[in-house]
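4 protein chains.
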Amino acid sequence: MEATMTVERIVEPAFTLSSGPVDAYPAVLRALSRTVLYDFDPVFQHFYEAVTDKAKVALRTAAPPVILHGEPVLGLEAAAASLIARDDVVLNLASGVYGKGFGFWAKRYCAELVEIEVPYDDAIDPAAVEAAFRERPDIRVVSVCHHDTPSGTLNPIDEIGRIVAAHGAYLIVDAVSSFGGMDVHPEACQADIFVTGPNKCLGCPPGLTLLAVSGRAWDKMKANPDAPRASILSILDWENAWRRDQPFPFTPSISEVNALDAALDLYLEEGPEAVWRRHALTSKACRDGIRAMGMTIWPAREAIASPTTTAVRVPDGIDADALLATARDGFGVSFSSGRGETKGKLIRIGHMGRTAQPLYAVVGLAALGGALRRLGANVDAGAGMEAALAVISNQ
Amino acid sequence: MEATMTVERIVEPAFTLSSGPVDAYPAVLRALSRTVLYDFDPVFQHFYEAVTDKAKVALRTAAPPVILHGEPVLGLEAAAASLIARDDVVLNLASGVYGKGFGFWAKRYCAELVEIEVPYDDAIDPAAVEAAFRERPDIRVVSVCHHDTPSGTLNPIDEIGRIVAAHGAYLIVDAVSSFGGMDVHPEACQADIFVTGPNKCLGCPPGLTLLAVSGRAWDKMKANPDAPRASILSILDWENAWRRDQPFPFTPSISEVNALDAALDLYLEEGPEAVWRRHALTSKACRDGIRAMGMTIWPAREAIASPTTTAVRVPDGIDADALLATARDGFGVSFSSGRGETKGKLIRIGHMGRTAQPLYAVVGLAALGGALRRLGANVDAGAGMEAALAVISNQ
Amino acid sequence: MEATMTVERIVEPAFTLSSGPVDAYPAVLRALSRTVLYDFDPVFQHFYEAVTDKAKVALRTAAPPVILHGEPVLGLEAAAASLIARDDVVLNLASGVYGKGFGFWAKRYCAELVEIEVPYDDAIDPAAVEAAFRERPDIRVVSVCHHDTPSGTLNPIDEIGRIVAAHGAYLIVDAVSSFGGMDVHPEACQADIFVTGPNKCLGCPPGLTLLAVSGRAWDKMKANPDAPRASILSILDWENAWRRDQPFPFTPSISEVNALDAALDLYLEEGPEAVWRRHALTSKACRDGIRAMGMTIWPAREAIASPTTTAVRVPDGIDADALLATARDGFGVSFSSGRGETKGKLIRIGHMGRTAQPLYAVVGLAALGGALRRLGANVDAGAGMEAALAVISNQ
Amino acid sequence: MEATMTVERIVEPAFTLSSGPVDAYPAVLRALSRTVLYDFDPVFQHFYEAVTDKAKVALRTAAPPVILHGEPVLGLEAAAASLIARDDVVLNLASGVYGKGFGFWAKRYCAELVEIEVPYDDAIDPAAVEAAFRERPDIRVVSVCHHDTPSGTLNPIDEIGRIVAAHGAYLIVDAVSSFGGMDVHPEACQADIFVTGPNKCLGCPPGLTLLAVSGRAWDKMKANPDAPRASILSILDWENAWRRDQPFPFTPSISEVNALDAALDLYLEEGPEAVWRRHALTSKACRDGIRAMGMTIWPAREAIASPTTTAVRVPDGIDADALLATARDGFGVSFSSGRGETKGKLIRIGHMGRTAQPLYAVVGLAALGGALRRLGANVDAGAGMEAALAVISNQ
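Residue numbers (UniProt numbering), protein chains in the order written: chain X, 1 to 395; chain S, 1 to 395; chain F, 1 to 395; chain B, 1 to 395.
Among these hints, one or two may not hold up.
Which copy is meant is left open, so a pair is good if it fits within one copy or across any two.
[What the hints assert, rightly or not] Result set (DSS-like, lysine-lysine): computed pairs, CA atoms no more than 30 Å apart in a straight line: (1) K343 / K222; (2) K222 / K107; (3) K56 / K100; (4) K222 / K100; (5) K343 / K56; (6) K345 / K107; (7) K345 / K56.
Since the hints were made in silico from the structure, they are not lab data. Bear in mind the structure is a predicted one, so any value in this text is a computation, not a measurement.
Work out the full structure: start from the sequences and follow the hints.
The structure is reproduced here in structure tokens:
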């Protein structure tokens with residue numbers, strides 16, 4: 001037989017620097033292994049209310065948030081299905097794959113979808129939103145992705161929120177991969193439904209959604225005859241489920257709630273500002289390292305680069321999949337690929353939760369630089385790591 | 001101030017003998033605390049395929065089952081939404097709260113719902129199914145709950161399956177709380193969609209659905225323009241997601257899959273037959289104890305009593321909530337209440353996974369007997385425990 | 001080949017009702033899985049001091065206790081080696097295998113060993129201690145085992161302590177298996193060295209000793225040229241190791257200290273009195289059940305029966321090993337055997353930490369009764385369980 | 001109030017790169033959280049034998065090794081106390097703090113101690129051992145530390161072993177911090193007692209010793225009337241304790257044995273050669289980085305540098321404690337200090353078990369370089385990291 005076979009034993013990565021699922025905090029992993037309680041046991045019912053309270057503190061909302069029992073795509077689909085009524089005109093703001101994707105759901109439920117789309121390395125201009133309202137004053141719902149993870153870019157959510165509020169429309173914000181890693185909160189951006197999850201910057205595994213819902217959003221959903229009820233997609237079913245004396249519409253994901261509890265404790269005990277600083281510092285070190293190495297970040301400009309994910313443009317002549325595989329096999333680091341339109345064009349280094357620690361930027365740069373060189377690219381990994389270290393040293 | 005206040009510290013139960021969420025196996029809890037991997041990491045992709053393979057072995061199907069990332073209500077709703085087309089006539093078999101409940105979902109998607117309903121302490125008679133087909137040969141889909149947990153009763157699923165198959169209709173089986181605790185399998189009962197979950201007899205926390213789907217069910221779903229796609233409710237999206245070289249439609253619940261992996265190992269290593277024996281023995285000991293204590297099981301006859309849950313009729317003059325609270329506070333045991341129509345009429349002692357150990361029947365009887373006596377009922381707890389022990393001793 | 005082989009798969013017990021190692025609390029197991037820190041890391045050094053402080057609160061001593069890094073036999077041997085000088089006359093009080101055993105260590109280090117020995121189902125009479133001092137006023141050290149676990153009997157430690165103190169002698173107390181399960185503390189019994197461990201009533205795995213040392217015991221050890229130094233047997237080496245700014249003489253058992261931390265939290269948060277009540281209630285239920293079943297507890301009288309272990313006399317005609325094996329294989333319960341002189345004469349049901357929950361008494365009685373009957377004994381298991389339940393119900 | 005207070009919250013290190021206690025493998029942490037079994041339960045007794053078997057495979061010995069229940073200082077002291085008889089002449093080889101330290105124990109038990117001591121950045125010359133035997137043919141026991149961790153240096157253990165064997169003397173080897181990280185085994189170096197532990201390169205927490213004992217060492221210990229018996233220091237007590245049908249002399253550290261089991265699985269499944277390669281590569285990358293950064297490793301020459309610890313000379317003008325504190329506080333990395341004579345002169349970067357992953361060398365260099373610069377040293381951190389990456393890239 002001429003053919004040779006190479007059977008390689010695949011080992012777990014030494015470092016997971018993805019933009020989600022993320023390497024969960026050790027304390028979260030331990031919480032996952034807590035005894036599983038019956039959901040109607042009084043201890044669990046009190047506990048669920050207490051976790052909801054902690055989430056409220058973390059989200060800085062006046063009203064208790066809703067926990068949905070599926071990863072945040074559930075929350076996003078549920079938001080579209082619940083808030084958007086069949087006669088609504090929806091303005092969807094698309095600056096990336098996730099923002100664009102939300103439009104498909106919005107279209108499913110609305111009368112008409114209006115869209116502002118910008119290149120996927122750029123951000124929505126609030127002026128364009130203002131202009132859209134001038135042109136279509138009948139816009140009732142606006143949807144926007146704060147951090148479009150597949151691009152590593154941020155949208156100016158607070159400005160957009162002000163415009164939407166001024167026009168009396170409803171705002172759906174996808175802050176799944178930014179909340180917990182920077183200063184973004186539902187009431188600050190005047191979101192009517194603010195969707196996030198514990199599985200990114202809070203350092204949990206995927207499995208839950210956190211939803212902050214404004215009073216007027218509750219009213220609109222209740223008035224919407226098509227809003228899901230008696231369904232996994234229902235937000236309404238869960239309105240009062242956080243109360244210790246109320247039943248759950250269906251069985252909550254006990255262990256994921258245990259994990260969320262631990263993650264919220266970590267977040268609140270370290271202090272949100274301290275957590276955000278870690279994310280900011282790690283990403284700044286990473287970006288400076290990328291540039292010093294001779295590479296380019298994906299976002300069109302520094303100001304819109306996310307502190308929780310650094311998207312790096314794959315150099316000409318390099319295959320993105322080969323780059324990821326080399327970083328993984330040769331250096332033990334698992335990065336995220338691009339997704340949809342950005343797939344093949346960039347790779348992503350996550351800085352979320354546990355890995356939002358400055359030296360992980362150096363780890364990421366080492367693996368990226370080493371992998372690129374193996375593939376023949378001419379990058380100065382040493383300069384990159386040095387630049388990252390300089391940022392960290394001067395913190 | 002005259003009033004006195006009693007502030008009691010609520011402590012976790014010493015024993016959780018619920019019919020779900022259940023006290024998970026220790027090895028499952030440890031698996032939950034495994035490192036969280038990036039879902040596109042090659043190790044996770046291989047792992048996911050391997051877990052699917054194990055689930056296939058456990059389910060005894062020829063084709064790989066589907067894992068959905070929400071507890072089994074997701075799987076049930078998804079099955080209704082996907083398999084039932086708008087021109088279908090559906091026969092729903094209701095012998096309890098869950099069976100009846102499925103009818104509401106079926107009605108949402110079908111042209112016409114036909115229903116056979118029996119009292120909730122009884123089981124569906126296969127002859128009635130046969131009769132329904134004679135009357136309505138246009139029935140295309142039949143849905144049935146194998147173990148209607150809120151009643152602790154079983155339906156004759158294999159006989160029903162034969163009839164449905166003979167008429168060329170499609171069969172949806174809810175075996176959520178029976179699979180893993182007794183000899184019930186998708187192909188044996190000729191189910192087209194067989195919905196179960198790891199969170200009952202397999203001893204996992206809630207968070208996933210396991211679905212076995214027949215080839216003709218795949219075809220029917222694909223032909224159904226209304227079958228959910230790009231949705232949390234989609235089964236179709238996940239058809240090939242188990243393959244190591246295929247992407248996930250959205251992020252799977254990594255830690256729950258880790259738990260499922262451990263639970264399947266436990267199940268297959270102990271041996272399904274041995275696991276079922278534990279469930280059968282524990283429930284038999286419990287039922288004999290209940291009767292010897294002077295109480296009555298809820299199912300109309302022994303033959304339809306589930307081996308995974310013993311539903312016990314609450315004696316006249318006793319308040320079910322007070323009974324549960326007394327067992328919990330005074331004896332440290334968390335039982336399940338009834339649900340919907342059975343709420344207030346029965347309490348349930350679960351025998352699932354870890355708690356399907358014969359002596360847990362004695363624990364349950366002690367707590368139940370002790371609590372009943374505190375509430376003034378005249379029960380012979382000693383005779384009950386003695387009868388249970390006799391069953392165990394004579395195994 | 002004619003012979004048939006029965007290969008039985010040995011499975012883990014469903015219940016561990018031993019008198020040590022005990023089934024650890026779930027929170028302790030989770031603490032064991034905490035990240036392992038470098039012992040000179042400032043967080044660990046602060047943590048170690050904090051754990052010592054908690055142990056001090058639990059032991060109700062003025063001075064910080066010493067943690068030794070081996071299970072309590074290390075602490076006992078170290079106490080003998082350190083406190084007993086070569087010219088000391090030692091009075092050893094032996095009411096069981098462990099008390100007797102300590103005499104062998106004492107003899108190794110002292111000038112002369114005087115011993116009071118009583119039958120191993122009885123307790124030391126304080127009057128005998130008083131008499132010994134009259135006869136031998138040169139007794140310098142007295143050693144006594146509070147709870148002689150292999151007998152399940154208690155010695156009147158507070159009275160003995162008063163007598164020893166009145167004579168100016170030093171007292172070594174082995175309270176390994178009683179502390180944490182009842183009201184026994186170093187200063188209350190005037191112990192100079194009080195040896196206990198987290199691995200019994202505190203619900204930890206074995207691996208550490210807790211030592212409370214009086215000021216005069218420190219002085220005596222320092223003055224003893226033979227007291228171990230630079231040795232695993234040294235107590236002196238660890239005098240200041242609890243201070244965050246002091247080095248450890250050798251590497252402490254990090255994970256065991258993590259477990260101890262969690263166990264002390266559980267103990268102090270539930271409240272020592274509440275914990276003792278659980279132990280007392282469980283053992284009372286067990287003893288009453290044993291008698292109602294027609295069996296006899298090992299201790300000569302109820303007053304000296306330990307609340308943390310119920311030693312049960314094996315009926316005539318029954319083989320103790322067969323009894324243990326039958327309870328284990330047939331009923332899934334792991335009991336403790338006797339030890340040394342009591343081996344073969346009794347079996348022991350532990351009530352320690354997690355298993356000091358009243359219904360575990362019923363579990364133990366069921367397994368014991370069932371096993372005895374299988375072996376042909378005529379016991380009334382139902383009456384036993386009923387009697388235990390009556391105790392629990394009337395708490 | 002004039003005084004200002006700075007209360008800093010101390011957080012856990014992001015990276016523990018110590019030379020022990022080491023950051024344990026996640027699978028080891030999970031094993032620590034296994035259910036605690038009664039040591040005389042048949043499952044535990046079988047398990048203990050199975051773990052001993054795995055340890056035998058890992059140690060590559062013909063006879064089962066001994067597990068002692070305390071961290072390796074226990075094993076070292078026990079080896080001295082057991083093997084060295086009061087009329088023995090002992091040759092102790094001291095090339096570092098630990099080697100020297102063993103001499104103190106040896107002296108406690110022997111007739112005469114002969115010592116070869118070399119500077120603590122150097123290694124023992126086998127020729128000197130040969131010369132010592134010529135001068136003192138009555139040497140009966142030779143003791144040597146393979147990897148003197150406080151220096152990060154290795155001794156030529158195989159050559160020394162050959163000489164000792166040729167002279168018919170007994171050899172005690174301390175391989176605590178090298179076994180598992182490189183090719184060193186008891187029979188290969190002809191050790192009579194080979195002391196190691198799971199808490200270094202096997203990635204467990206501290207708490208156990210592994211001892212390989214030759215047949216003639218067993219004979220010598222048995223013939224030694226002073227060899228500890230009925231003591232924590234006894235090796236003899238444990239000779240047969242590994243057998244499933246033999247009792248334990250005292251309670252083993254159940255959870256630590258669980259951890260050892262998992263660690264041995266990891267070691268044997270990855271393959272010892274692969275594990276050693278990781279250690280070698282990581283340390284090589286680290287050493288090359290140190291030099292490229294403009295610093296000096298502590299060992300006098302590359303050939304004697306340990307693959308499991310890189311000891312780095314602290315530059316003139318830099319305070320070692322300040323350096324460690326800066327790396328810890330400013331960069332989140334916990335390194336080891338020197339110890340005894342090497343304290344203040346070097347810092348140590350551990351490469352053991354989980355942290356023997358090439359990119360951890362980069363992490364260590366980043367923290368070290370960054371910290372040195374903060375303290376005013378002129379080091380080229382970028383060049384250091386680049387050099388390390390070059391080693392990794394060219395593997």
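key: Hints breached by this structure   = 5, 7
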